[in-house]
Amino acid sequence: MEHIYLPGEEPRLLVLFHGTGGTEKDLIPLAKEMDPKAHILSIRGNAPENGMNRYFRRLVEGVFDEEDIRFRAKELVDFLNTAKIDYTLGDLRWASIGYSNGANIIAALHYLHGDVFEKSILLHPMVPLQEGPSMPLSSSRFFLGAGENDPMVPMADTLALKAHLEQAGATATLHTYSMGHRLTLEEIQDATAWYRT
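To convert, count from 1 in the sequence shown and add 773; that's the working numbering.
Take the hints with a grain of salt, since some may be wrong.
Quick list of simulated restraints, FRET-style, between CB atoms [stated by the list, open to error]:
#1 T861 <-> A929: 36 to 44 Å
#2 P780 <-> L832: 36 to 44 Å
#3 L958 <-> K798: 17 to 25 Å
#4 R843 <-> L958: 20 to 28 Å
#5 E921 <-> D859: 37 to 45 Å
#6 A933 <-> S912: 16 to 24 Å
Computed list of lysine to any residue pairs in SDA-like fashion (alpha-carbon distance at most 20 Å, straight line) [to be verified]:
#7 K892 <-> A820
#8 K805 <-> D963
#9 K892 <-> P809
#10 K798 <-> I777
#11 K935 <-> S907
#12 K892 <-> Y778
#13 K805 <-> T957
Hints were generated in silico from the structure; no laboratory data involved. For glycine and all other residues, C-beta sits at the position ideal for the given N, C-alpha and C.
Start from the sequences, fold in the hints, and give me the full structure.
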């Protein structure tokens with residue numbers, strides 16, 4: 774998979790997942806601001822839609838191809854396991870940041886493969902699989918950032934995701950903002966403060 778790896782100075786890793794139409798470069802400045810000494814692994818989505826990078830297919834906007842999600846999540850887990858060896862990441866504390874489609878694939882990784890990341894920052898996520906997590910998530914913590922008037926992600930969907938995660942044993946903290954699907958400075962500041970605790 775296309776990706777960027779930037780070695781860090783501390784035993785922490787941030788794995789980054791961009792939004793629809795983004796690239797593996799998009800969230801690197803945010804990650805560096807959030808944790809300047811962490812290792813960074815940023816992955817490009819490899820399920821393009823009309824020329825836009827995504828991590829999995831959708832049937833229509835807001836309706837996901839759940840079979841493809843399962844396939845892509847397994848593909849990503851295999852890649853992460855390979856990267857763990859190739860870049861000697863096994864002893865690091867793993868966290869993730871995802872925006873929109875990137876947040877959704879992080880949620881899917883947890884639903885299907887358990888405690889992939891210790892901490893995950895999900896910025897404007899949706900429920901990836903309607904059946905909910907198939908694995909316990911008692912070792913995972915989640916920051917959920919949502920827009921109160923997000924035209925792409927209904928608040929009910931965000932609340933359903935939070936409930937799924939908590940039912941699986943995870944700790945999930947929801948913060949809401951007033952700028953729709955856009956990221957705000959306040960959201961980034963809140964996510965950074967949460968990550969550093």
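Going down the list of hints, with the structure as the test:
no., hint, in the structure
1, T861 <-> A929: 36 to 44 Å, "43 Å, holds"
2, P780 <-> L832: 36 to 44 Å, "39 Å, holds"
3, L958 <-> K798: 17 to 25 Å, "20 Å, holds"
4, R843 <-> L958: 20 to 28 Å, "36 Å, violated"
5, E921 <-> D859: 37 to 45 Å, "42 Å, holds"
6, A933 <-> S912: 16 to 24 Å, "22 Å, holds"
7, K892 <-> A820, "25 Å, violated"
8, K805 <-> D963, "16 Å, holds"
9, K892 <-> P809, "17 Å, holds"
10, K798 <-> I777, "8 Å, holds"
11, K935 <-> S907, "15 Å, holds"
12, K892 <-> Y778, "19 Å, holds"
13, K805 <-> T957, "17 Å, holds"
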